[in-house]
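Throw the hints in and build the complete structure from the sequences for me.
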Amino acid sequence: MNRVYLYIFVMAAVTYAIRVLPILLIRRKITSPFLRSFLYYMPYATLAAMTFPAILSAAGGLIPSLAGFVVAVILGLRGKSLPVVAIAATAAALIVSFL
Amino acid sequence: MSQQQQEKNRSAAADFRQGLQDGIAICIGYLAVSFAFGIQAHETGLTAVQAAAMSFLNVTSAGQFSALELIFRQASLMELALLQLVVNLRYLLMSTALSQKFAPQASLLQRLGTAYGVTDEIFTLSVLRPGTLTAAYSAGIIGISVFGWVAGTALGAGAGQILPERLVSALGIAIYGMFLAIILPESRKNRPVLIVVLCAMVISALMQVIPFLAVISSGFRIIIVTLLVAGVAAAISPVPPEPTDGGAA
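Keeping their order, the protein sequence lines are chains X and D. Quick note: the first sequence uses our numbering, first residue 2, plus one each step. Quick note: the second sequence uses our numbering, first residue 124, plus one each step.
These are computed hints drawn from the structure, not numbers from a lab. Just so you know, even glycine gets a beta-carbon here, dropped at the ideal spot from N, CA and C. Be a bit skeptical, because a hint or two may be false.
[What the hints assert, rightly or not] Some chain D residues close to chain X (C-beta under 7 Å, calculated; not the full set):
(1) Ile151
(2) Gly152
(3) Val156
(4) Gly186
(5) Leu200
(6) Leu212
(7) Ser218
(8) Ala238
(9) Ala304
(10) Pro308
(11) Arg311
(12) Val319
(13) Ile345
Here it is as structure tokens:
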């Protein structure tokens, strides 16, 4: 069980380092075009890979998950806010699970 | 107390209130997502206290959800650290942007405290705020947002079982809805981003289907897809320098 706290502290240390180092160290703009571009694309690649195909089984069965996925894509493309998309996707999956 | 000091306190109080106000929407959204996280953490075998501690110390939806699977199968600390690095590396960009928002005389404590609360949502509101970023504003918006994140986690982990099973299942998709809400608006406006998103999804799916690649754990799969897709995209389609760079190559 103590190992769980070890995991939590390692995660927290890495995550805080990522957040704090630029604020403490970087006082100028990053100029390397490749690095800038990589950092720009990276979050999209990471979140997309985390979302798909995992989302297809996220709400239990395939059909409710698919319903939530479709609703999230439609609302996300329309630029709805994060909580709105999250709650609507959950609601869609829930409703479809009753059908 | 001097009049100047009083004015300073008053504007700090106003900034703090503004931060709280901006943070209410974030707090509500976080409650829903962290509730789902708490349930999942409980299913992974974490206690409510452990789950709440993880939320309080990390405050990162994607990082925490991805960590649960690794904790469950007792993955190596190195894999966990690498996964957090890749999954949360976007905060590096955000913190870099935020570093431009501090007043020159901003204290070390303010910098350390603001760094703690760099999340997609808090960052977005903080960086869009006109003028410099004050400690009072950050304290307000981070305080109420983290409260929602930790409270939702504890409720989900401690009392998630009293909810109907269908609702618990459905809540599992909330976090992915949030991810899609982050990546899709930019995908729509920006073709290279759209291609990055589609390629990452297809490769991620293929890596789970192709037999000899399917043995790769989810953590390393995400790392590989990220390095591959973002690296190729950066090489093929570099983003133009910001206008403020003055075009000096």
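- Taking the least C-beta to C-beta distance, is Ile151 (chain D) closer than 7 Å to chain X? holds, 6 Å
- Query: At a threshold of 7 Å, is the proposed contact between Arg311 (chain D) and chain X supported by beta-carbon distances?
  - Reply: Since the shortest Cβ distance to chain X is 5 Å, the answer is holds.
- Was the hint right that Gly186 (chain D) lines chain X, CB cutoff 7 Å? holds, 6 Å
- Item | Restraint satisfaction for Pro308 (chain D) [CB to CB of chain X, less than 7 Å] | Pro308 (chain D) check passes; min Cβ-Cβ to chain X is 4 Å, inside 7 Å.
- Message: Given Ala238 (chain D) as an interface hint, is its Cβ closer than 7 Å to any Cβ of chain X?
- Response: Holds, about 4 Å.
- Item | Restraint check, 7 Å cut-off on beta carbons, for Ala304 (chain D) near chain X | holds, 4 Å
- Query: Going by Cβ atoms only, is Ser218 (chain D) closer than 7 Å to chain X?
  - Reply: Holds - the Cβ of Ser218 (chain D) comes within 7 Å of chain X, reaching about 4 Å at its closest.
- Against chain X, run the beta carbon of Ile345 (chain D) and see if the smallest gap drops under 7 Å. holds, 5 Å
- Message: Checking hints one by one. Is Leu200 (chain D) an interface residue toward chain X, by the C-beta closer than 7 Å rule?
- Response: The hint holds - Leu200 (chain D) has a Cβ within 7 Å of chain X, the shortest such distance being about 5 Å.
- Message: Holds or violated: the hint that Val156 (chain D) contacts chain X, with Cβ atoms closer than 7 Å.
- Response: holds, 6 Å
- Item | Interface hint status, Leu212 (chain D) versus chain X (Cβ within 7 Å) | Constraint on Leu212 (chain D) satisfied, holds at 6 Å.
- Message: Interface hint check: Gly152 (chain D), Cβ to nearest Cβ on chain X, cutoff 7 Å. Holds or violated?
- Response: holds, 3 Å
When each numbered hint is compared with the structure, no violation occurs for any of them.
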